[in-house]
Each structure stands twice: as structure tokens, then as C-alpha cells.
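Asks: Given next are the chains, with one letter for each unit.
Protein chains: 2
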Amino acid sequence: MKHMKAEANNIFTRPQTKWSLGAGMQGDIVISSRLRLARNLKNIPFPHRLNEAGQKEVLNAVSSAIPNLEKKTKRSYFYMTLAELTSLQRKMLVEKHLISPQFAQSRIDSALAIRQDEAVSIMVNEEDHLRIQCLLPAFSLEDAWKTANDVDDALAGKLEFAFDEQLGYLTACPTNLGTGLRASAMLHLPALVMSKKADSIFSSLPKLGLTVRGIYGEGTSAIGNLFQVSNEITLGRSEEDIIIHLQSVVMQLVEQERQARRIIQKEYDVLLYDNIWRAYGILSQARSLDAQEMMERLSLLRLGLDLGIFAGITHNKINELMIAGQDAFLQSANNGESNPQKLNWERAALVRKTLSETMEVK
Amino acid sequence: MKHMKAEANNIFTRPQTKWSLGAGMQGDIVISSRLRLARNLKNIPFPHRLNEAGQKEVLNAVSSAIPNLEKKTKRSYFYMTLAELTSLQRKMLVEKHLISPQFAQSRIDSALAIRQDEAVSIMVNEEDHLRIQCLLPAFSLEDAWKTANDVDDALAGKLEFAFDEQLGYLTACPTNLGTGLRASAMLHLPALVMSKKADSIFSSLPKLGLTVRGIYGEGTSAIGNLFQVSNEITLGRSEEDIIIHLQSVVMQLVEQERQARRIIQKEYDVLLYDNIWRAYGILSQARSLDAQEMMERLSLLRLGLDLGIFAGITHNKINELMIAGQDAFLQSANNGESNPQKLNWERAALVRKTLSETMEVK
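These protein sequence lines are chains A and B, in that order. Counting from 8, one number per residue, gives the positions in the first sequence under my numbering. Counting from 8, one number per residue, gives the positions in the second sequence under my numbering.
Among the hints, a few may not be true.
No distinction is drawn between identical chains; accordingly, a pair holds when it is met within one copy or between any pair of copies.
Below are the EDC-like pairs computed for lysine to aspartate or glutamate, each with C-alpha atoms no more than 20 Å apart in a straight line [what the hints assert, rightly or not]:
no.	residue 1	residue 2
1	LYS324	ASP313
2	LYS349	GLU274
3	LYS63	GLU300
4	LYS349	ASP281
5	LYS360	ASP281
6	LYS273	ASP248
7	LYS349	ASP276
8	LYS49	GLU172
Simulated from the structure, these hints should not be mistaken for laboratory data.
The whole structure should be built from the sequences, with the hints applied where relevant.
Replies: So this is what it looks like as C-alpha cells:
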């Protein structure tokens, strides 16, 4: 277990992270797959009802369990308390999707363990004592489940989790009771949005026990045609059932997106190509870009790549821009510059540089 | 005097024309200078009250006078009746600013004499029997006046114009009475528009006996930050006075535009540069452009050239695009293609090709 200065840590210097780097099944449409388990220590109140001593007790218990986790899973972890992270560093972790926006603003004693390759992050004293997250590239819910499950098992070797024979794992919020499992896939669905089918499809998901969230999780909005589809039900079904069910719905969404792409290529034709090329024209020449516009235009660039209009740039490079081009990463890369206008200028410069280095435009 | 098939005439094959090609004083802001004289033949009713025989009489009289005009001015003219021009060819002449939109739709026997270099066009049976127009590049009102005056003198050697000692030249519409002269300059005033000063400046022009029109003359709207400033008063002042007065106001407008450019460069800075670069990005990548958008984006491209942001492309090349990218020229260059969507596609292709051949982007 390494407890190193944040400044020296790749997590805060590299905009690349596990999910942004890999390739995998359906990787053109499924950006990433995420699995998280909510766990709480037995006989200790949930974080929101925990006093300072109790908060420290949880931190101590979890940090003591990490070496065993490392040994069992043969993986190294960085451990850091939230107190030692600046507000900027916390935001960078949100931008990498390694922690939740809520956790970044935590006012209680909290901590974080991140596997060296950034595939696993364990939030300590978030809404629950432990939130074990595994985040992998592309369509890999099963791998994410196996990985999170191994982490869970290894931690359970040293920590006693609150568990009820009837209810399953006990959690601070009843919506997580039972398996404590939330699985989700981040999907890029521009064609369903363009053909105005996304809303009606999404409105049918709750009936299937699923829900759609924005790109930074609960309470955040969809941007750049990216949608996080996850299970709503955690109780009364096995982990495997939840995952198999989500997998099948995700595959249906992927198929619907592919079909919508075929249709818009025929029906919108020039208009679609025009939009995609304009997005490229703007990204490659603009001198000022806000984060939202960048995400929207990158969505079209990604679609152009998928449709074979562009070459040179890769899905991974676009993922990287989606992290490196966010405020905190930009701010960090530019000596703490926090003036929004200047960040927009730097964002545009970063995007221009990346495109000029990668794009092969016929 | 050549009376050749329209198809074989450069006028309808080259998008370049006299005013689009030349350089000259204040050529960055003053696109072109125009002078026209309204003349009518003595003892013949004005065109709108003229029967068919009378219309032909006017045409015969004018065409008979052209050889003398050519001899006196040592310049060749093409002569064509409007009846022999297709609707598309008439529109092309409007797009070159060689005839008025009203004349293009004339239903009476009309004709047109165009000097070989396209600097002078004489409309026969427009609102008046003769409309002598001289259109030159940049700020050249005096040259345009001299040229039109020479044409007028040469024609007067063969034709007797309706003239009254008290009133001067008699015209169909009393607003042209006296000198029959309308002088105008086409100005590119993006900085005055951006800094929202254009409206108040233009509203002060009528007090000075001047007026602002759109780019195709009376009743057309301003587009691409291009404005045609011309004299309103034709009576009670000498031709020289009218021209000197217009010249001085145009020089003031040019100075105000230059000052506004200095201010927006300071105050808008990133925003201005961003707008200019985005215009370039869109023009160089869009797959579909309508004429209005092309004109608006070309205005920013021209401004970028003026501000030293771009190199490679010239003012003349932008002028040429402003003609070649209009519907009729595009249609003619694409085998008569008249589907608006396809014309937008061809327009975008033309602009892309031109920019890729000329622009030197750092």
C-alpha cells in the first residue's frame, strides 16, 4: 500500500485512466462499464450518523485491510485521506469518474484507495463505509463484477460487513439494500438522440428495473450524447441476475443505436455529414471552447470516427480529451489557472493540438 | 459591338468581374464603387408607359449608338437583348451586380450592353430608357464618375436625351431628376456591426442626403456586413458635389470602421479571434452551406485577413467566392442543378476547395 504525495501520483498528472485506455467489446458505443458494491462495517453507525471518532475508526479499519487486499489480489493500491487532497485534486478524480461528485465534497473524515491501474477505487465514508468501484473500458460488466467481487472477498477477510440473512448487505440508503450492487454502462448514443428515439427508449427502462443517469452519476445530466444506464433494483435478485439483465438491455440499446445510425446515414445523409464535419471544423479551429460544447462536438467527432469519416484519431484519444479537457485537469495542467475564459482558451488549444497531431483528414 | 451567344461569353462562365478583381484605395473596407446615370430619349414616353413599338424604337436607337460609343471610348461592348438571356443568365448578371434584380425580371423589350471588362453596363428600358452604370473595385468613385461621364458623352453624340434647362435630365421617377446620378460604395463594416454602432451611424445618413441599401441595391437587405451607401439627392447639386460629398462620408465610415476594429481587437480579443477562426473552421469543413451563411462566414474570413490572422487567400478571391457561391453561378457551374440542398452541398464544396488551395494557416 503506497501512501504517496498526490502531486507525485500519476493519477493527478495523467489524463489517461483505465477506462479511457482500453479497447473491448462494443467499445465504439459502450464507453465504459462500472460496478460498485456498497458495504458497511458491522456494529458501526452509517457515515451520516457517525461521530469523528467513529469516522476515524472506519478509516483505520479499512486502511488496515488494504495490505491483505493487495496480497490476495496481487495488485498495489494508493491510499489517501480526502483531507490531504486539494479541492482541485478531488475534482480531477471526479473527472476521471474514480469518485462521485458527492464524495469530492465530503466534510467528514474520508479516504480513498485506488488500485495502481485506476481500475478499482474504494471510497471510505462516502454514503456507506465502503464503496468498492470497478471501472473498466468498453462492455465488460462481467469482468468488472468479478474484479469487484474479488476485492469484496479480500476485504471481507479482514473486515466484518453488516449483513442480514433476510435483507442481505445493510446500507445507509434502502435503495442499495441486499446486494449493495449497482452496475452501469456508459453509452454513446448520438443516433438515438438525433432521431429523437432516445427519450421514449429511456422512459421504458424503469419498467425493466433500470434507470438512466448523467455522465457523473446520480443527479448529473447527460452531455455529449453519453448516458449511464444502471440497475435500480438491488434487493431480491442475485448479483449475477442483475448483471445478466443489465447486459441484455445494454446489448439491445447498442443494437438500437446501430440501427439508428444506419437509418440516419440514409435519411439525414448530407445533413449528418455536414454536422460531423462542422464539429471537426470547429474543434480544430476554435480559440475558445467551454466544457459542454467540447463534449457535444467530441460526440460528433466520435460518431464520424465510427462511421469511417475520420481516421487517425482513436476512441481512446477522444476519451482522454473528455478527461484532459475538463476544468480541473485543465486547471492543473495550466499552473492552477482558474479564470473560466482562460480555461476555455486552454481547452480549445488542447483540442486543436490533439486533433492536429492525430487526425488524418482526406 | 459584339453580339455573341451568351453561352460563349466570359460574363457567364467566369465568376470574376471587374470590381471583384482589382485592388485599390481602401480596398480592404471599400469593396466596390458604383456610379449610374439615368437617361431618357427625348420625345419618347418613359418605359413603363411605352408600347411595344416604342420599346423596340428605344432598343434600336441605343444599339445604333453603341459603335460610336466604342469608337469614342476605345472599348468593346457586348450587346444582348434580355429576351435572348435565360432566367439563369439574368440572375448571374444580378449576382455580378451588373444589372438590377428588377431589370432581371423585366417583361418589356429590354437590352443590355456590357463593356468587355464588365466595368460598364448599360441597361436599356429599365426604369429609364438608359441606365449607364460603371462599377469599379475599391474606393474609386471619381474614376467611376469619369468613366460613366465619358460613356454618357459618347452616347449623347448619337442620342438626344430628355433634358430641361430648369430640371436637368428628366427621369421616370422624380427621385432621379436633375443629374440622374446615383453614386454608391459597397462597404464591409463588420466591426461597426459587432460593436453595435452601425445602426446609429446609418440612421444619421439621411440627414446628410445619403441612404444605406443592401448588397443588390434598392429593396435588398444587408448581408455579410456589406452595406451600400449612396446619395439620395439628385437634384440641385452638381455631379461633382454629389460625388465629393459621398466620398467624404465614405472616408468617415471607413475611419469609424478602422477605429471600431482597433477597439474590438482590444475589448473582444479572444471572442473575436474565436469567431473568426470558427468561421474559417466551418467554411473549410462544412458539407452544406446556404448562401446567407456563406456570406456571413466570408465576412469574418475577410476580417481575419484584414487583421493579419490569415494569409494566402486574397480579397479578390473572397470577392470571387461571393459571386461564384451564389445560386445562379453555382447552378450554371453544375449542369443546371437547381435542388437547393444540392446547391448547398456544391457551395460548401466550392468554398472548401478554394480555401484548401489558398489558405496558409499557421
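Asks: Could you run down the list of hints and mark each one as holding or not?
Replies: Outcome of the hint check:
| no. | hint | result |
| --- | --- | --- |
| 1 | LYS324 / ASP313 | within (14 Å within a copy, 36 Å between copies) |
| 2 | LYS349 / GLU274 | between (40 Å within a copy, 15 Å between copies) |
| 3 | LYS63 / GLU300 | neither (42 Å within a copy, 63 Å between copies) |
| 4 | LYS349 / ASP281 | between (29 Å within a copy, 12 Å between copies) |
| 5 | LYS360 / ASP281 | between (23 Å within a copy, 15 Å between copies) |
| 6 | LYS273 / ASP248 | neither (38 Å within a copy, 62 Å between copies) |
| 7 | LYS349 / ASP276 | between (37 Å within a copy, 12 Å between copies) |
| 8 | LYS49 / GLU172 | within (13 Å within a copy, 112 Å between copies) |
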